[in-house]
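Model the full structure from these sequences, guided by the hints.
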Amino acid sequence: MKCFTSWQGVQKEKNSIKKVMRMKQFLTFVQKEFYHVLRDKKTLLILFGMPVVQILIFGFALSNEVKNSKIVVMDQAKDISSQKLINKIEASKYFDIEESIHSQGQIDAAFKKGAIKMALIIPAGFYQNLVHEHKAQVQVIADASDPNIATALTNYANAIVQDFQTELNTGFEMPYTIIPETRMLYNPQQKSVYSMVPGVMALVLMLLCVLMTAISIVREKETGTMEVLLVSPFKPSLVILSKTVPYLLLSFIDIIIILMMSVWLLGLPINGNIFLLLAVSVLYIITCLSLGILISIKTTTQQAAMMISLMGMLLPSLMLSGFMFPIENMPVPLQVISNIVPATWFNNIIKAVMIKGLGPSFIWKEVLILTGMTLFFLFVSLKSFKIRLA
Amino acid sequence: MYSVEVKDISKVYGKEKLVAVDHVSFSVNKGDIFGLIGPDGAGKTSIFRVLTTLLLPDGGGATVEGFDIVKDYEQIRSRVGYMPGRFSLYQDLTVEENLHFFATLFGTTIRENYDLIKDIYVQLEKFKDRRTGKLSGGMKQKLALCCALIHKPTVLFLDEPTTGVDPVSRKEFWEMLKRLKAQGITIIVSTPYMDEADLCDRIALMQAGKILSVETPAHIINNYGDLLVEVKADNMYELLKVLKEYKKALNSYAFGEYAHVSFEKEIPGDFLPFLQQRGLSGIFMAPANVTIEDCFIKLLKS
Chain A
30 MKCFTSWQGV QKEKNSIKKV MRMKQFLTFV QKEFYHVLRD KKTLLILFGM
80 PVVQILIFGF ALSNEVKNSK IVVMDQAKDI SSQKLINKIE ASKYFDIEES
130 IHSQGQIDAA FKKGAIKMAL IIPAGFYQNL VHEHKAQVQV IADASDPNIA
180 TALTNYANAI VQDFQTELNT GFEMPYTIIP ETRMLYNPQQ KSVYSMVPGV
230 MALVLMLLCV LMTAISIVRE KETGTMEVLL VSPFKPSLVI LSKTVPYLLL
280 SFIDIIIILM MSVWLLGLPI NGNIFLLLAV SVLYIITCLS LGILISIKTT
330 TQQAAMMISL MGMLLPSLML SGFMFPIENM PVPLQVISNI VPATWFNNII
380 KAVMIKGLGP SFIWKEVLIL TGMTLFFLFV SLKSFKIRLA
Chain B
-7 MYSVEVKDIS KVYGKEKLVA VDHVSFSVNK GDIFGLIGPD GAGKTSIFRV
43 LTTLLLPDGG GATVEGFDIV KDYEQIRSRV GYMPGRFSLY QDLTVEENLH
93 FFATLFGTTI RENYDLIKDI YVQLEKFKDR RTGKLSGGMK QKLALCCALI
143 HKPTVLFLDE PTTGVDPVSR KEFWEMLKRL KAQGITIIVS TPYMDEADLC
193 DRIALMQAGK ILSVETPAHI INNYGDLLVE VKADNMYELL KVLKEYKKAL
243 NSYAFGEYAH VSFEKEIPGD FLPFLQQRGL SGIFMAPANV TIEDCFIKLL
293 KS
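So the sequence lines, in the order shown, correspond to chains A and B.
Residue 181 in this note's numbering is what sits at position 152 of the first sequence, and the numbering runs on without skipping anything.
Residue -3 in this note's numbering is what sits at position 5 of the second sequence, and the numbering runs on without skipping anything.
Simulated from the structure, these hints should not be mistaken for laboratory data.
None of the values given here were measured: they were computed from a predicted structure.
One thing to keep in mind: the hints can contain errors.
As the list claims (entries may be wrong) - Under 8 Å between C-beta atoms, here's a sample of chain B residues computed to sit facing chain A:
{"hint": "1", "residue": "P76"}
{"hint": "2", "residue": "S80"}
{"hint": "3", "residue": "L85"}
{"hint": "4", "residue": "E89"}
{"hint": "5", "residue": "F93"}
{"hint": "6", "residue": "K144"}
{"hint": "7", "residue": "D158"}
As the list claims (entries may be wrong) - Per the computed footprint, the stretches of chain A lying under chain B, defined by three or more beta-carbons under 8 Å from a beta-carbon of chain B, are:
{"hint": "8", "region": "45 to 54"}
{"hint": "9", "region": "251 to 257"}
We put the beta carbon where it would ideally sit given N, CA and C, even for glycine.
Have a look at this one:
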């Protein structure tokens, strides 16, 4: 038997019992949420299948690099120089020489079939012209029905020809040649994964976190369990908090999966501090979770919650976050909207930390904005949590 | 001392001003089983939701265990047990997990109040690792009752607990309620089944948001007032049609295998000849035992 010397002592003991009770309530609630997720195969599949599939799709299939494009070569010269040039082109990873052909008609036919993207024509007397006139021509014909690819291919071809020319000129003195030396910072090979991975991370986390939590509270309303929950001494903050914890942990696993895949599968280096990267990712997850909670509290059916999180969140995150299209090129109203899309800020953070290897002093603004958004969402959620049915 | 006091409560829904509860008043004694009896749409669920603080009344007020349903909703929520009409437990959790969850939610443990639910829970124990969604209807109701009881509430609100449950389970369920009453718990239960009304201490007969009468079942039956007879004939369909044409009867309606006919004082002498004259054969007639259903039908008519 305990003896209390003062009334405060009794109060203290009472408060500590209350705290233990609250903690137990919270843990049981979290455990219940975990059961919901882990026992639903569909949820699990979305939770862990989606990041993997997204990374694979955006990393490999939807690459905007042009690789192994099929071309044809019409070599009318057939001399040492033309052979050298063709070998050089064949050696590059951008081009696959489909066949050597002999007439203009065959080129047209190949283009019409859509079998090739570019044709290279080396006219007769290529070597002769080079040696005697110091000037020779090649013709590059590209299929410009997709202008981006055509431009990329002709640029690659130009670069190879330029390279070829420099090799020829070694040893000779060329008057007045300006060779511009460009350096591609942070992404010297201009790989598309560099812009894809941060974008996919922002997108996948947004989708998962918002969608999962958006459904979680509204599901209790729909199945009627909210009716029983309300007639109990729980606190709204307890529900909100315990709904977010399981998804926070599971999304964290997703981040690890995405990062491991991008490093080992896509060859993307993590240039910055990994702990900083993880910390800002957790912040972003919390932002998305609180947004999901807000949607869940404001809606009355799972379907509505799903539509809002898919339409309202996926599209802006995909289109307006700077992932697909540069924000600078958007009309002003869309630029304004892009500012309130959390993915925009996370995109910046990830690029800065992961690819540029920058430290906390470069991302404090974005971190502050995401924190502000989170607090706003949580505040509005708590305020609009209905303690009654209607 | 009253456990629940309801004064002039009204509840109106939506823009169409649909009146679900219309100036209803009643009180429930501590430790009573109080029944709200009435067909679907009578306003029973709305009253339950107002008393469990889930809905605000549009007029009037009520207290539960002395606490105001609007001001002191937090006090009420930790003291009452509530079982909604729709099954509202987590279907993807097992029997034991559900019970554990609700015990913890109210800051208690299964062990602490086990003796209160023991009689019910022993029947569930062999399914304790089964997902709740895979239980039969009767088992689900028993589990829901356990979950509503696990924090030892002083008042228990049961909204149509026996709807959709087989007759044997229904009987069992009411026996459980009697045992809970013996523990001093006030029970407010709603049901559309008139035969369950006799099992309550007091009942409120409801229709279209209004309370027709609040009394003990015996008192309601004793005050029936009219003379009730049961009539049978070979052709029941024809009999009911003919009875409607007999103007000296106050009311007539099908009741099980009989037709119930009510008269003001005594059976008029021309009643039997009237039936025979209409070509009915095999006529059997006897005084009938008045049931709550008869009283309800009479109340509806007046």
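Can the hint on B/P76 be confirmed by a CB-to-CB distance to chain A that is less than 8 Å? holds (5 Å)
Within 8 Å of chain B (C-beta), three or more residues of the region 45 to 54 of chain A: Check passed, 3 qualifying residues.
If you take the shortest Cβ to Cβ gap from B/K144 to chain A, is it below 8 Å? Given a least distance of 13 Å, the restraint on B/K144 is violated.
Quick check on the hint: B/S80 CB to chain A CB, less than 8 Å? holds (4 Å)
Against chain A, with CB atoms and a cut of 8 Å, does the hint on B/F93 hold up? holds (5 Å)
Claimed coverage, the region 251 to 257 of chain A by chain B - three or more beta carbons nearer than 8 Å: holds (count 5)
Was the hint right that B/E89 lines chain A, CB cutoff 8 Å? holds (7 Å)
Given B/D158 was flagged as interface, is its beta-carbon under 8 Å from a beta-carbon of chain A? violated (22 Å)
At a threshold of 8 Å, is the proposed contact between B/L85 and chain A supported by beta-carbon distances? For B/L85, the interface hint holds, since the closest Cβ of chain A sits about 6 Å away, which is under 8 Å.
Comparing the model with each numbered hint stated earlier shows that hints 6, 7 do not hold.
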